[in-house]
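Trainee: Sequence:
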Amino acid sequence: MIALRRLATGLVILLGVSVLTFTLAFVVPSDPARTVAGPKADKETLDLIRREMGLDQPLPVQLGRYLGRLLRGDFGRSYVTRQDVRAAILERLPATISLAVSSLVLAIVLGLAAGVFTALRAGATIDLTVMGVSLVILSFPVFWLGLLLLDVVAYRLRWLPLGGYGGLRSVILPACALGLGHAAYYGRVLHAGMREVLSQDYIRTARAKGLGPLATYAHHALRNALIPLTTLVGLDFAGLMGGVVLTETVFNWPGLGRLAVDAVFNQDIPLIMGTVQFGAVLVVAVNLALDLVYRLIDPRIRYHAP
Numbered sequence: 006m007i008a009l010r011r012l013a014t015g016l017v018i019l020l021g022v023s024v025l026t027f028t029l030a031f032v033v034p035s036d037p038a039r040t041v042a043g044p045k046a047d048k049e050t051l052d053l054i055r056r057e058m059g060l061d062q063p064l065p066v067q068l069g070r071y072l073g074r075l076l077r078g079d080f081g082r083s084y085v086t087r088q089d090v091r092a093a094i095l096e097r098l099p100a101t102i103s104l105a106v107s108s109l110v111l112a113i114v115l116g117l118a119a120g121v122f123t124a125l126r127a128g129a130t131i132d133l134t135v136m137g138v139s140l141v142i143l144s145f146p147v148f149w150l151g152l153l154l155l156d157v158v159a160y161r162l163r164w165l166p167l168g169g170y171g172g173l174r175s176v177i178l179p180a181c182a183l184g185l186g187h188a189a190y191y192g193r194v195l196h197a198g199m200r201e202v203l204s205q206d207y208i209r210t211a212r213a214k215g216l217g218p219l220a221t222y223a224h225h226a227l228r229n230a231l232i233p234l235t236t237l238v239g240l241d242f243a244g245l246m247g248g249v250v251l252t253e254t255v256f257n258w259p260g261l262g263r264l265a266v267d268a269v270f271n272q273d274i275p276l277i278m279g280t281v282q283f284g285a286v287l288v289v290a291v292n293l294a295l296d297l298v299y300r301l302i303d304p305r306i307r308y309h310a311p
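Taking my numbering, I'd label the letters of the sequence shown as residues 6 to 311.
Keep in mind the hints are simulated off the structure, nothing from the lab.
Computed from a prediction, not measured in an experiment: that's the story for all the values here.
Heads up, some of the hints might be wrong.
Here are the simulated EDC-like cross-link-like pairs (lysine to aspartate or glutamate), alpha carbons at most 20 Å apart as the crow flies [to be verified]: (1) 45 x 57; (2) 48 x 36; (3) 48 x 61.
Derived CB-CB ranges, DEER-like [stated by the list, open to error]: (4) 36 x 79: 19 to 25 Å; (5) 69 x 125: 54 to 60 Å; (6) 122 x 79: 49 to 55 Å.
Using N, Cα and C, we set each Cβ at its ideal position, and we do this for glycine too.
Modelling step: build the complete structure from the supplied sequences, incorporating the hints.
Mentor: This is the structure in structure tokens:
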């Protein structure tokens, strides 16, 4: 029942995103017919294209047709390349998935390591140093961190390629630029969570009963401290997808973010709407999946969830 409510909420969100993107497409000062026909097209040609595209219909009619096409998985065709939008998205999707997964894995691994390590040495020099460095990293915008990594690691030291897509070496810098900020955030959240959990009575009871440090930290402390972090990763996924746009632009990464940026510059409205809608589907799907993971980590959610 709870899963059905979550699914219904996700569908409502997708409907809202669809209506919003469609409405914004009419607010943007652009002429789709002009984009298709070119700047030198005459008025008769433009009027013909508008009729063929249904742009002369009332706005509610156009919205209904748009939502109907979305239900069939039809995102329309690009105004510029005339390529099917869904095909263009699927063509760029592997590059974005590889970057997003790499940066997320990096963020989780580094965040876990930093959070647990510093929580077990609370107040020590290494704790203050790591937390200070994480605060500095959090202050860096994604695009600025990406440019810094390109300048130092790729251009000056020539350890890694400047950009492009292909092979493991090419994904390291973009993943670091996108994932380090999230790793710093996760580390600070887990650090606070671990310190709070380690001060609880049941941890002292486990120690008093002779439970070893590894079992105490891994089975009791870390598992409970991971609960808010799991939720945070789900909520943060939307921010991660937003960072993908900037990262792919900086590193010339041929993914969905770069596709969306090119579509904006070309005023390619179907492609803009398609990438936004597809991004919303990804965010909703990931949040639903993480909600299931959340329930596995903390079985009490099954009984106490509203």
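Trainee: Now tell me if each hint is right for this structure.
Mentor: Quick rundown of the hints versus the structure:
{"no.": "1", "hint": "45 x 57", "result": "19 Å, holds"}
{"no.": "2", "hint": "48 x 36", "result": "12 Å, holds"}
{"no.": "3", "hint": "48 x 61", "result": "14 Å, holds"}
{"no.": "4", "hint": "36 x 79: 19 to 25 Å", "result": "23 Å, holds"}
{"no.": "5", "hint": "69 x 125: 54 to 60 Å", "result": "58 Å, holds"}
{"no.": "6", "hint": "122 x 79: 49 to 55 Å", "result": "50 Å, holds"}
Every hint from the earlier list agrees with this structure, and none is contradicted.
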